[in-house]
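S.K.: Each chain, written out:
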Amino acid sequence: MKLIFVEFFKLKMKLRAWLGPILIFLLIIISFPLTVELSSEALNDVFYSILWIASLLTIMVSVESIFLEDYEDGYLEYFYVANNSLFSLIFTKILIYWILIGIPISCLGTFFSINMSDDISSLNIALPSLLISTYIFINLFALGNSLSLNKGSALGALITIPLLFPILILLGKIVLNANFGFEISNLLLLMLGVLLLIIVFIPFIISFIIKTHLE
Amino acid sequence: MYPYILYFSVLFYAFALVWGLGFAPADYVQGNSFRIIYLHVPASFLSQSLYIVMAIAAGIFLIWKVKLAAYMIKSIAPVGALVTFIALISGSIWGIPTWGTWWQWDARITSTLILFIMYLGLISLHSSFTNFEKADKFISVLVLIGFVNIPIIKKSVDWWSTLHQPASITLTNKPSIDPTMLYPLIFSMIGFSGIIVSLIILSSKVHIFKRESHKSWVKRNV
Amino acid sequence: MSNSILLKVDNIGFSINQNRLFHNLSFNLKKGKALHIKGNNGSGKSSLIRILLGITPAGKGSILWNKNTDICFLGHKNVLKNYLTLSDNLYIHGIDSNESKTKDILADLGLIKRLDTIVGNLSYGQQKKLALIRIFLNQAKVIILDEPCVGLDDSTRILTTKFLSSELKKNKSIIYTSHIPIDIDSETITLGGNQV
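Residue numbers (the numbering used here), protein chains in the order written: chain A, 12 to 226; chain B, 32 to 253; chain C, 54 to 249.
Hints are computed from structural coordinates only; laboratory data are not their basis.
Glycine included, C-beta positions come from ideal geometry on N, C-alpha and C.
There may be inaccurate statements among the hints.
[To be verified] Below 27 Å or equal to it, Euclidean Cα-Cα: the simulated DSS-like pairs (lysine-lysine) are:
1. B:Lys96 <-> A:Lys222
2. B:Lys241 <-> C:Lys113
3. A:Lys21 <-> C:Lys130
4. C:Lys120 <-> C:Lys222
5. C:Lys130 <-> A:Lys162
6. C:Lys86 <-> C:Lys222
7. C:Lys120 <-> A:Lys13
8. C:Lys113 <-> B:Lys246
9. B:Lys185 <-> B:Lys246
10. C:Lys194 <-> A:Lys222
11. C:Lys86 <-> B:Lys165
12. C:Lys194 <-> C:Lys166
13. C:Lys166 <-> C:Lys61
14. A:Lys21 <-> C:Lys166
15. C:Lys154 <-> A:Lys13
16. B:Lys241 <-> A:Lys162
17. B:Lys98 <-> A:Lys162
18. B:Lys165 <-> C:Lys130
19. B:Lys236 <-> B:Lys98
20. C:Lys113 <-> A:Lys222
21. A:Lys23 <-> C:Lys222
22. B:Lys96 <-> B:Lys186
23. A:Lys222 <-> B:Lys165
24. B:Lys98 <-> C:Lys113
25. A:Lys13 <-> C:Lys91
26. C:Lys130 <-> A:Lys23
27. A:Lys13 <-> C:Lys130
28. C:Lys120 <-> A:Lys222
29. C:Lys156 <-> C:Lys113
30. A:Lys222 <-> C:Lys61
31. A:Lys184 <-> B:Lys236
32. B:Lys165 <-> A:Lys162
33. A:Lys21 <-> C:Lys61
34. C:Lys86 <-> A:Lys222
35. B:Lys250 <-> C:Lys120
36. B:Lys186 <-> A:Lys184
37. B:Lys98 <-> A:Lys222
[What the hints assert, rightly or not] Just so you have them, the derived chain A footprint on chain B, three or more residues with Cβ under 8 Å:
38. 140-149
39. 168-177
Kindly generate the complete structure, drawing on both the sequences and the hints.
M.R.: Following this line, the structure appears as structure tokens:
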């Protein structure tokens, strides 16, 4: 519990690390309509995919140095010596990133999507899919960035994005099904299942990787 | 020993090509353009099977800490990228006369492109570390993650859309290709695989010598 | 393992990139004793400490810690967040800067008036002092220090020495490396050369 407070505190005090990404999300959302003729049908059709890509890019930017600072000032080492395991730290870090970045951009994205389609039902599509997918994205980008750690974020992104394609396709299917008026709850459940698997396994893999970095 | 594998498989592949290009009948729909199959199919077959080999090596390295397995991964990755690149290019060339386009957002093509990017990701990950022992571990972890993920990517991309003709040869079903074309194809696959395998042996040999350069047996042999 | 022995190191060896730093190294750490690890630069002092901490695996041999031995460690890195204030940094390490004991130490180190300063604005020596507070307030049975006195002024060094000898009297154990002599009773292990 104390760990959650400490990690929350650490991230909260770094404005650029969480407010920055949220603003970047807004900027991406704004910049897409500028490149399409305004109020056209076309924008409505692609708006959801703009949302997915914007959230992916935002998470990519925000997670790029999730472990770097703790690695460089010796905090990871300190934590490992004290607890003999890194799992709880990594799990908490990812959770905090989701709370401070994932949830706000999910809400913002949902807000814009309601505006876009004049339809309150989009609330059922955008909000749950964004909430689940941002958590998955953060986990996987954390994995990629733990591999590249102090070797620059481009390498982390290069490693991670191919792993995210299935989730993007799933998100696309959800919108497709919703447009045809089909049930989407089973797809959301599938994504939730993926998330539950990932929540447990990814921090394990990351702690192995970071332990190797510390050696 | 590998030079003999190399000579033999080059001969074998040349034989298969002469047979396939010169003597096998033209396809009655695709005409002569189908003959690029003797490059495309072996390359796409190897692009995936090399990844499987790497994944096995990665497992062996992480569980039993066999250094040789790590050297194998390191030497397969560039060759795998090359083979995947050949598969993509030959597929594009084949696509122009048959589909009228060199690129299509189709499931198999897209997943091959993703595979190509993943190979390059592996190479750049390994090359960015100066401590090779760590780099070996990282690359193995990434290979295994990719190994779990590639079938998922393939399935999901399939789900997304497909245009590509289904695989011509599978182990379980009767092949959907005429024997006169099939035999040179099988020969070309064996020959091509042989060339690639000897390339891998050559590059891992170089790699072992480089990494173990302080050992006395290396000094004796070089 | 008898109760007075906290750590038993048996025949360990270590090499980086096939460059052998030490081999066949064996020693024990007893309660209330200090161990000084000596050696030239690059002789493997820091590596040995990281092996003892369980961060780096040893090439061979065995390292046995007595059960329930907690360790307090300060290495080259100070584990400070340079965008946070001094008191916030103490909070991250679970230290309440309003407690009287903490305040005493802060006063001794001359940091009491700078509790609201951002750590990034402190000098290197002051940051090292701040890192030492964590050591001074620890409850662990074993203290491991890697070059604790680098960048410290004389008064702080004397304070550190005093603290360490009082800890020894409290039956705690210390392992340290230092090029700057620290005046406490300690056994010496020398790495490199023909020693050990």
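S.K.: If you test the structure against every hint from before, which numbers come out violated?
M.R.: Checked against the structure, the hints that fail are numbers 9, 11, 12, 13, 21, 22, 25, 29, 31, 33, 34, 35, while the rest are satisfied.
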